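Construct the complete structure from the given sequences, taking the supplied hints into account.
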Amino acid sequence: MNLNTVQELRGARAVEQPDFAWREGDSWLAGGTWLYSEPQVGIRRLFDLRDFGWEPLEVSAAGLRIAATCRIAELYALAAPEDWLAAPMIGECCRAFLASFKIWNEATVGGNICMSLPASPMTSMAASLEAIYTLRALDGSERQISAVDFTLGPHVVALEPGELLRAIDIPADVLRRRAAFRRSTLTHLGRSTALIIGTSHAPDQPFVLTISASTPRPVQLSFPQAPTAAELRAAINDAIPDDAWFDDVHGSPAYRQHMSLHYAEQIRAELAGGAA
Amino acid sequence: MTFHVNGRTYSEEPFAGQCLRTFLRDLGCFGVKKGCDQGDCGACTVWVEGTPVHSCLMPAMRAAGKHVTTIEGLASEGALHPMQQQFLNAQGFQCGFCTAGMIMTAASLTEDDIQNDLARNLKGNLCRCTGYHAIEDAIHGVATVEQDAPGCSAGTGVGAPAGPLVVTGHARYTMDTAMEGMLHLKVVRSPYAHAKVLAIDTSKAKAVPGVHRVYTWEDVPRRIYTTSIHEDFRVDPNDTYMLDNVARFVGQRMVAVVAETEAAAEEACRQVVIEWEELPAVFDPEEAMRIGAPAVHSRGVDAFIRQPERNILIDVHGNIGDVESAFATADVIHEGTYATHRGQHAHLETHGSIAWVDEHGRLNIRTSSQSPFICRDKIAYLFQLGLPDVRVFCERMGGGFGGKQEVLTEDLVALAAMDTGRPVQWEFTREEQFVGSTYRHPMKVTVKLGATHEGVLTAMQLRIVSNTGAYGNHGGETLYHACSECIGLYRSPNKKIDAYAVYTNTVPSGAIRGYGLTQTIFAVESALDELARALEMDPFELRQKNVVRPGDPMLSLGMEISDTEIGSYGLDECVELVRDALARGNGVNPPNDDDWLVGTGIAYAMHDAAPPTEHRSNAAIELREDGAYELVSGTAEFGNGTTTQHIQIAATILGTTASRFHMIQSDTDRTGYDTGAFASTGTFVAGKAVALAAEALRDRILGFAAQVMDVEPGMCRMDNDGVICGEGRCTLANLWQAARERGVQLGLSRKAYGSPRSVAFNVHGFRLAVHRVSGEIQILQSVHAADAGTVINPMQLRGQIEGAVAQGIGWALYERIVLDDAGKIVNPAFRNYRIPAYADIPRTEIFFADTHDAIGPLGAKGMGECPINPVAPALANALEDATGIRFREMPFRPDLIYKPIYEKFGAGTI
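Sequence order for the protein chains is A and B.
Just so you know, the first sequence maps onto residues 1 to 276 in our numbering.
Just so you know, the second sequence maps onto residues 277 to 1186 in our numbering.
Note that these hints are calculated values from the structure, not bench results.
In this text the structure is predicted, and so the values were computed from the model without any measurement.
Be a bit skeptical, because a hint or two may be false.
Non-contacting residues of chain B with respect to chain A, defined by C-beta distances greater than 10 Å in every case (computed) [claimed, not checked]: (1) T285; (2) T381; (3) G400; (4) A475; (5) E543; (6) E554; (7) F559; (8) N595; (9) D665; (10) G998; (11) G1002; (12) T1159.
Listed next, with one range per pair, are the computed distances between beta-carbon atoms [what the hints assert, rightly or not]: (13) A/P39 to B/Q1054: 33 to 41 Å; (14) A/R50 to B/T453: 34 to 42 Å; (15) B/R448 to A/Q7: 30 to 38 Å.
For every residue, glycine included, the Cβ atom is placed at its ideal position computed from N, Cα and C.
Rendered as C-alpha cells:
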C-alpha cells in the first residue's frame, strides 16, 4: 500500500554523509514487503539498504554468510556444499513462509528477521542453525549477537535506533549436523503455529532443539547428547511454562504447546536413532 | 524517472511512499487490482523484468528504469498469451477481479511448477468466487467452454460475454476510472464499542493542506434510515444516521474528510480530535437480552425495535401442533445447542463508490452495489431528491455474496459531491472491509427433536439467538429466513420456534449467501445426524423418512398460506447421486492408517427460489439494425453469471446463439427497474423477465415477418439471424429495415415478479480424515448434488456450486473473526483471517438432478446461495463419524478441536 507519510526515499549510503542525523520517523528499507503491507504512519524517511550492494550469499570454510539484503528467492536457490547435512533446513524454512514465492522475489532474510514475528521463518532458520548476527551502527561500528538473543518478541529486536542488521553467519559446524524439521499450521501451507528444528551430529553428540513460532521468541534447548523422551519433555516444560506459549489468531497457546511437544519428540526420536 | 510499462516509456515521478500498484493505475493500467493492498491476495501481480511480484508491496521507485509488464501488456500483437486463452477456454473466473493476478502468476510458472507444486505456487493468489476448480483447469489447459447452437443455448456451457475483457485486464470495475478533479474521502472510525460524542474539534484537520471538507454528525441530514437493501425499506429497522453522535461498535464511521489526495484525507483523519464519553457496552446477545443490560439503541422511538430495553430487535415465535405433548410421548429425544460464528464475504473488490454532479445538475453515483435502483431510492430519500435527480449505476463488480446488498459508501460520496461540486471517491481499504462492513449473523441455535423408534419425527423445536451487531439492517429478515426452510424441509406434525435477533456493541451483521438459513441448517442437520446415531439409523434413511414430498406443505412457523410451492422435486435424485458417489469412493486415502481417523457425513438443504419480500425485475429486448439483439436488464453482474444466463435464455427463445446479444445492465438511467441481484433471484426473477420479453419479441417478430413475407404466421419460425417464412426466408437485418419503414417497433419489455416461489434442493457428502494428534482435517472426498431445475449453463452452475462449497469450507474449517475484550476486531486482514487458498479446497464431484421447474424460466431455479447450506453440517457429521465426538461450535480448526480427539485417540504419542 502507499505509505502516505513517507516524504523521502533515499539510498542507504545517504547516512554516510557527514551531516547526516538519524531522527524519529527514519527507517531502513529492505525488501519492503512487510513495510508496505501495513500502515506505517510514524515513518517519514526510508533508507534503501540495497544501496550498499552487499553480496547476498558467501559460502566459505567458516560457513554461510547471508547478507541481510539477500532475497528469499536467492537463499532458496543456494547450492550448499554436500557435507552441509543441515542445509535442507534453509529450504524448509523458506517454504514455511505464508507468503507467496512472488514475495520471495523481493522480501529479504534480514527484513524478515528484523520485522520479527514469532512465525518469521528466517528467525526460525537462523536461531535453529545458531547463527550469529552482525549489527552495524550508524558510525560504522559493528557488534555480534546470537540469533536467539537478537529476537526479543513480536516486533521487538535488539537493534538500537539507526542500527542495522548487516549479515547472518551460520557456522559450518552446525551446517554439517544432521537436522530434522517439523511444522504445524492451521491451514494448508499456512502460517506457522509451531516450527521446531533439531540438530545433532550423532546420538551421542550434542543435541540442540529450537522451538519457534509457538513461542513469542525462539527457545533453544541444548543437551550434551540426545535426551530421553522424558528428559526432553521436562526440559521443554521447564523452559516454557504453560502461560508462556504464544497466543494469537494462528493458534491457541495450548495447541502450540501440544504440537511443539509432539514434534519435539518426533525430532528427538529421529535424531536419536529411535533410542528412547 | 523513467519507467518502461508494457512496451511504453513513461517519464514520471512517483511520490516517495508510493507503491508500484497505485503508480501503475495512475498510468492507466487499471488491470492491476487492489484486493487487499497488503500482499496477501495477489490481485496486483505484475512482472518486473519478467519476475512476478506483488506490486502493492514494491516501492514504485524500485521499478524505475525497469521493464514492467501488467495484464494489459501480456498479449502481444493482438494475440492472447496462451495462459489468457486458457483462462478464457476454462472460464477460470467468475467476478474476474482476481483474474489478472492469477494469469500473471500462472503465466510465470514453469511446467514443473504447474505439474508438481501448483498448490504452493498458487498460495499467494486468493479467489473467493470459483473454489479454484476452474482456475486449476485453466492452468492445466483444460477447456470447458462450449459453443451454443441456434435455439439450443440453454444447457450449453457458454462463456461469459465479458471473458475477453476480463482476461486482458480491460474489464472496468467500480474504481477503474480517472476523473478530472477527483477528491478522496476517508473516515474517522470509532475506537470505542459504545460511546457518546461530547465534542469534535476539526480545526487541525481542516488546516491540513488539500483538505476541502470535514463532516461530523452536525453536518449531515439528520434522517434515520437503514443501510440494508430491500424492495420495501419498512421490513428493516430505521436505526442508523449517516453520521451519528453515538458510536455503537468499534469501527463505526464518525467523521468524514474530503481532500485532494488520499494522503491528505488520511492525515486530516488523524488530526480530528473527538471528546468521548464512554458508555457501558455489551457483546454477547444472551447478556444483551437480560434486564439491565446496556441498551445499544436507547431511543426506542422506532416502532420496529421490538424491545429496545432488552436489545431485542425482533422476536419471532412459531407454533404448529403441540411439541410438549409430542416430546412427552417421543421414543427418542435429542437436544443440542449449536453455535456459528461471523463469516466475512471477502469479495476481492472492496466496497467503493464515486459520485459527481453532472452538467445538468444531476447526481451520478458509480458504485459496487447489488442493487443500483434501491441504492438510488435510499440516496434520494436521504437528501430529499426526486428519483429523476439521481442516477446510480454499476460497472462490472468484483464479487458481492450479499455484502453489497447494503448502502455503505454511496451516501457520503453523494453528500461530498453535491457539496463540493467535484467528483468524490471513497474506496474501502481491506481493513475497513473487516471493521466497517458486515458479517454473517452469529447464531446460537438450540435444537430439540423427538422421534419414534422407527425414525419418524414427531416434534422439532428451535430456539435461535441471532447477533445482529450494533445495527439492525438485515437482522429481521435473516431471522425469518433462519426459521423457515431448515425445518420446512421435514414433515413433523409438531413444530415450535422461538427466535430473537439481538443488538450488541459489535460490528453489524448483514446479508450473506444463505441469509440466516445457513446457520440454522448447520444446527438442524447436525441435530438430525445425532438423532440418527441415537436411533442407530443410517442418516440418509432418517431424513428420507421425514422429508417433504411433492404436494406436502413446507411448514415452519405456522399454518399460514404461502406462495412457495415445490415447482420441481429433485431431492430424491440428489440423495441417490450423493449416496452412490460416496459408496463408489474416489480412491483417495489418508496419508497413513495409524494416525488418521476417517468418517463420512451428509447433509440436506432446501432453499426458496426468491425472497418473501417483494422482488421485481424488468427486461427489454430490441432487434438492432445489424440483426443482433440488445438485451437490457436492471440486475447487476458481480460474478454470479446472470449476464450469460439471461443471454442464453433469450437466445434459446429467439432461436439464435448467445453471441448475437449486446447487454446493457444495472443502470438506473438505461435499464428498467430491478429490485436487485440478491436472494437468488438473478435466474428465477430477472431471468423470468428476460424469458417473457424474449417470448413476446419472438411472437412480434414472427407476426411481422408473416406480414412482410405474406405467409400465415404459423408458417414462420426463428432461424438464427433470420426468419423462415414458409418456403422463403428473410434476414433479421432486412426485417429491421422493413419495420423501420412501416413504423413498427421490434423491441419489447416485460416485468417479472418473485412470486410464486419454488424451492431448490442441495445435498452434500464428505469423507474426511482427521489426525488423532493434531486435529488436522483432510477432505478425502467431496460430493455435491443440486436440484437447480433446468441447468441453463452447466459450466457456470458448477462454478457457482464450487465457489459456494469453498466458501462453506472456509467458514466451517478456517475463518474466524476474533474480538478483544473491548469489542475490537484483532484480525482485520487476509493474513490473519484465512479464506481458503487453492491448497485448502478439494475437488468436489458435482451432480445435477434432472428436473424441470414449473415456475422458473425455462424450468430453471436459482443456485446463487443454497449450495453453501449443507457444507458445514456435512463436515460436522463426518467429523463425528470419524471420531465419535460431536462438535457443535464452528469453526472446526485444528487448535479448537484437537483436545477431545487427542484425549480419546492420541494417548501415548506424546
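Going through the hints against the structure:
Non-interface status of B/T285 relative to chain A is upheld: no Cβ of that chain comes within 10 Å, the nearest being about 22 Å off. Separation of B/T381 from chain A is inadequate, the least Cβ-Cβ distance of about 7 Å not exceeding the 10 Å criterion. Non-interface call for B/G400 relative to chain A: violated, since the shortest CB-CB distance, roughly 2 Å, does not exceed 10 Å. Non-interface call for B/A475 relative to chain A: holds, since the shortest CB-CB distance, roughly 24 Å, exceeds 10 Å.
Taking the minimum C-beta to C-beta distance to chain A, about 7 Å, the non-interface status of B/E543 is violated against the 10 Å cut. Non-interface status of B/E554 relative to chain A is upheld: no Cβ of that chain comes within 10 Å, the nearest being about 24 Å off. With a closest Cβ-Cβ approach of about 18 Å to chain A, B/F559 is found to remain outside the 10 Å limit, as its non-interface label requires. Listed as a non-interface residue, B/N595 keeps its Cβ farther than 10 Å from every Cβ of chain A; the least gap is roughly 42 Å.
B/D665, annotated as away from the interface, keeps every beta carbon of chain A farther than 10 Å; the closest lies near 35 Å. With 10 Å as the threshold on Cβ separation, the claim that B/G998 sits away from chain A holds: the shortest Cβ distance comes to roughly 52 Å. Every beta carbon of chain A lies more than 10 Å from that of B/G1002, the smallest distance being close to 64 Å; the non-interface claim holds. Every CB of chain A lies more than 10 Å from the CB of B/T1159, the least distance being 16 Å, so the non-interface label holds.
Take A/P39 and B/Q1054: their Cβ atoms lie about 37 Å apart, and the range 33 to 41 Å holds. Between A/R50 and B/T453 the Cβ separation comes to about 35 Å, which falls inside the hinted range of 34 to 42 Å. Look at B/R448 against A/Q7: about 34 Å separates their beta carbons, and that is inside 30 to 38 Å.
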